[in-house]
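Peer 1: Listed below, chain by chain, are the residues.
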Amino acid sequence: MDILKIENLTLSFNGKNILSNLNLKITEGIIHAIIGPNGAGKSTLASTIMGLEGFRNFEGEIYFKNQPLKGLGVYERARLGITLGWQEPARYEGLKVSQFIKASSKNKDKDSIIEAFNIVGIDYYEYHSRAVDKSLSGGERKKIELASIVAMQPSLVILDEPDSGIDIASLKNIFAAIKYLHEKDATIILITHSLEVLKQAEFAYLLCNGTILDEGKVSKIRKYFEGKCMPCPHKNIPLLSEIGKGV
Amino acid sequence: MEEDILYEAANLKDVIHDPTVARLVINKDKIVSSNIIKGMEIFPEEIKDGVKVKLVVKEGEIIEKPIHLCFGITEENAVQNIVIDADIEKNASVSLLAHCVFPLAKDILHKMDAKIHVGENAHYSYFEKHIHSKNGGVRVLPKTIVSLDSGARFKTEFELIKGRVGLIDIDIETKCLENSIMEVTSRINGTDEDKILIKETGYLIGENSRGVLTSRVALRDNAKAEIFNKIVATGAHSRGHVDCKEIVQDNAQASAIPIVEVKNSTAHVTHEASIGSVDSKQLETLMSRGLTEDAAVELIIQGLLS
Numbered sequence: 001m002d003i004l005k006i007e008n009l010t011l012s013f014n015g016k017n018i019l020s021n022l023n024l025k026i027t028e029g030i031i032h033a034i035i036g037p038n039g040a041g042k043s044t045l046a047s048t049i050m051g052l053e054g055f056r057n058f059e060g061e062i063y064f065k066n067q068p069l070k071g072l073g074v075y076e077r078a079r080l081g082i083t084l085g086w087q088e089p090a091r092y093e094g095l096k097v098s099q100f101i102k103a104s105s106k107n108k109d110k111d112s113i114i115e116a117f118n119i120v121g122i123d124y125y126e127y128h129s130r131a132v133d134k135s136l137s138g139g140e141r142k143k144i145e146l147a148s149i150v151a152m153q154p155s156l157v158i159l160d161e162p163d164s165g166i167d168i169a170s171l172k173n174i175f176a177a178i179k180y181l182h183e184k185d186a187t188i189i190l191i192t193h194s195l196e197v198l199k200q201a202e203f204a205y206l207l208c209n210g211t212i213l214d215e216g217k218v219s220k221i222r223k224y225f226e227g228k229c230m231p232c233p234h235k236n237i238p239l240l241s242e243i244g245k246g247v
Numbered sequence: 248m249e250e251d252i253l254y255e256a257a258n259l260k261d262v263i264h265d266p267t268v269a270r271l272v273i274n275k276d277k278i279v280s281s282n283i284i285k286g287m288e289i290f291p292e293e294i295k296d297g298v299k300v301k302l303v304v305k306e307g308e309i310i311e312k313p314i315h316l317c318f319g320i321t322e323e324n325a326v327q328n329i330v331i332d333a334d335i336e337k338n339a340s341v342s343l344l345a346h347c348v349f350p351l352a353k354d355i356l357h358k359m360d361a362k363i364h365v366g367e368n369a370h371y372s373y374f375e376k377h378i379h380s381k382n383g384g385v386r387v388l389p390k391t392i393v394s395l396d397s398g399a400r401f402k403t404e405f406e407l408i409k410g411r412v413g414l415i416d417i418d419i420e421t422k423c424l425e426n427s428i429m430e431v432t433s434r435i436n437g438t439d440e441d442k443i444l445i446k447e448t449g450y451l452i453g454e455n456s457r458g459v460l461t462s463r464v465a466l467r468d469n470a471k472a473e474i475f476n477k478i479v480a481t482g483a484h485s486r487g488h489v490d491c492k493e494i495v496q497d498n499a500q501a502s503a504i505p506i507v508e509v510k511n512s513t514a515h516v517t518h519e520a521s522i523g524s525v526d527s528k529q530l531e532t533l534m535s536r537g538l539t540e541d542a543a544v545e546l547i548i549q550g551l552l553s
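Protein chains in written order, with the working numbering: chain R, 1 to 247; chain P, 248 to 553.
In isolation and in its complexed conformation, chain P is listed as follows:
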């Protein structure tokens, strides 16, 4: 079965027959496997070149085990449009583990448009891991709009460190009401001619809202990255931090534009950004233990992206 490639790559083999684990597996524009458990609803619908998914976690429901999502394409050339509308109702809690798997990609376009609403005091955690082929023929264009109600917590991590990036253009915007918390993290490893664009924006609207935008990018060969992180704080006593670190080697190029805007005198937003080669002290410490320069760099990058 073609889907076996997806299950294998996404580590789904252990959970695919577990009735207590919710899952949705999509290959290109087909739903190949799903399981819904108590407390949640998934309404998947096949559309042209993709799938539209409505996810609801009911008020007060705590989903103990992570929901497994897999968006894959087992063909070399294809388009996949994923449309997600997630509603995490008041006091609910859920975490999602998503794998985007394109193991044979030569010319793949993966687009995602996600709208996420996290209700009052609800928790939503989303970890997305990409596994690409080695030839760079993937274009990934995820766009996400998130709204957090009072006291909501939202945490998302994007990881692309296995296989070639190709082109990735992340655009995520989060609006935070009072006492809500957002954490947005991206970790990407670019090589060859890869191009990485990251745009993360957080609006700290509510009183005591909190937000952190974190980007970690390693670039080698001729890879390029542009990172644009912005936090706007209008809420009283809101707190934000933008943190961007890029390691650049060979002929790679990187830019980072952290923007912080504070429109309330009681709010506080900080930022830090660094772009450069591997820190010489880190490198020489490992080399003084007998590692070659290449092995030392690899270990440092592995740590940064972990």
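The shape of chain R in the complex, shown without the other chains:
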């Protein structure tokens, strides 16, 4: 079953199409990757699915569990079970890590919150009373944001560049958390330009210049992305017929 279906999605800013007639289907329970070079429209797509301010005035339609999302705000979409992990997580002066995670948590009990800490590899007793502010590194905030998603127990998780600002050791924690969410029946969309992140997915879409150029097994998309997209600084928009032939 398709948990998310996007049909003919077009989003423009100042007369320029950032997303252009984009179509994709996300199958329930599967880890998907949407890979593309910088500027391809990946984060815009994530923001549009989540319904962030400035990303709601689109053409086409997005369906979540067959319900159209057009007109719904962030809160309403979250209540349906959608959430987003930001590429650069927000900082909150004075707000304690435990308060932040508890606010997101479906079960507000302490055990559930401690479990969320554990899943992303952060020590509850070391971090719970610290503030989610600039005293934490980008990697720490990334893990804390992921812990809040784990605690929320959503059905669709969009993670925008989950490896951004993360060291190699912490990347294992991020991937473990993705695996945990998957085991808990969450459907996951990894927005990335990293081959390492792409490997975590079971199905991939290739995004370029605001539209989906190809889809399929990770190995196929990886081969094309590695061979063609990575050397191309998003200048040469390939023909769809060329994509089908591979590298």
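Hint data in this document are derived by calculation from the structure and do not stem from the laboratory.
The structure displayed is predicted, hence computed values, not measured ones.
There are no misleading hints in this set.
Once the Cα atoms are required to be at most 35 Å apart in a straight line, the calculated DSBU-like pairs of lysine-lysine come out as:
1) 477(P) with 96(R)
2) 471(P) with 96(R)
3) 381(P) with 102(R)
4) 134(R) with 376(P)
5) 381(P) with 106(R)
6) 402(P) with 134(R)
7) 134(R) with 409(P)
8) 96(R) with 260(P)
9) 312(P) with 102(R)
10) 134(R) with 528(P)
11) 312(P) with 110(R)
12) 110(R) with 260(P)
13) 277(P) with 471(P)
14) 134(R) with 422(P)
15) 442(P) with 134(R)
16) 492(P) with 102(R)
17) 134(R) with 446(P)
18) 312(P) with 337(P)
Dock chain P against the given chain R, drawing on the hints supplied.
Peer 2: Quick look at chain P alone, frame taken from chain R:
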């Protein structure tokens, strides 16, 4: 007893019978409870519409447990003048926890004039928490002059986040001699027609003196705030920072005027000020976890003022 309201609001019930904790409890213009411990002296004196207090912490004395002060009014309409003269002698150390409690206020004027001297290498920490009624009938006018001797440390925090502000007009001025450190922080939550005026001034006179002025204000409804923070650095290698953040919602209005003056080429003073609505990324992150906009704003403000 009327004082029970004060003890309850000020969390004094646990310490009121503890002989090792120094305390002074004032209801309007009456001293209702006090305890003095070794190493310090408190000379309270009832004056017209208030109380005058002389506090001395003797040279070299380290007061382990915070001194509890409570300045309350259990009436609806009253005036309270508090005059404080604190002298923290050389190498002494003390922290004070003050509660100003006006739970029934309809028309209360609470004035405070404080003069604080922190001696050479002495430490003085003062946390003042206000607990007001919900109808805004309080006017709070605290004026404080602080002088720090060489190597002294002074830290003060003012918090008013429970109940209506009414009118508050804070004026604090600190002079820092060499190697001394001052930290002045205000956290205030304004709603309805509240009016908040904050004037914090620090003079970094001595070599290597340090100072930070921090203000955190959240405003809703028709509340107004004016914040004037100033650091003047004349001491060689002195360092200062002014940090002001105000969240403004609804029809509230805020202004912030950070002034930094450097009169010594080896000194360095920085400032940052921001006024505006709640950051959209903070808000949308919390909303994407299922919080309503109101709940998300409340949590962000709670953090800012904590």
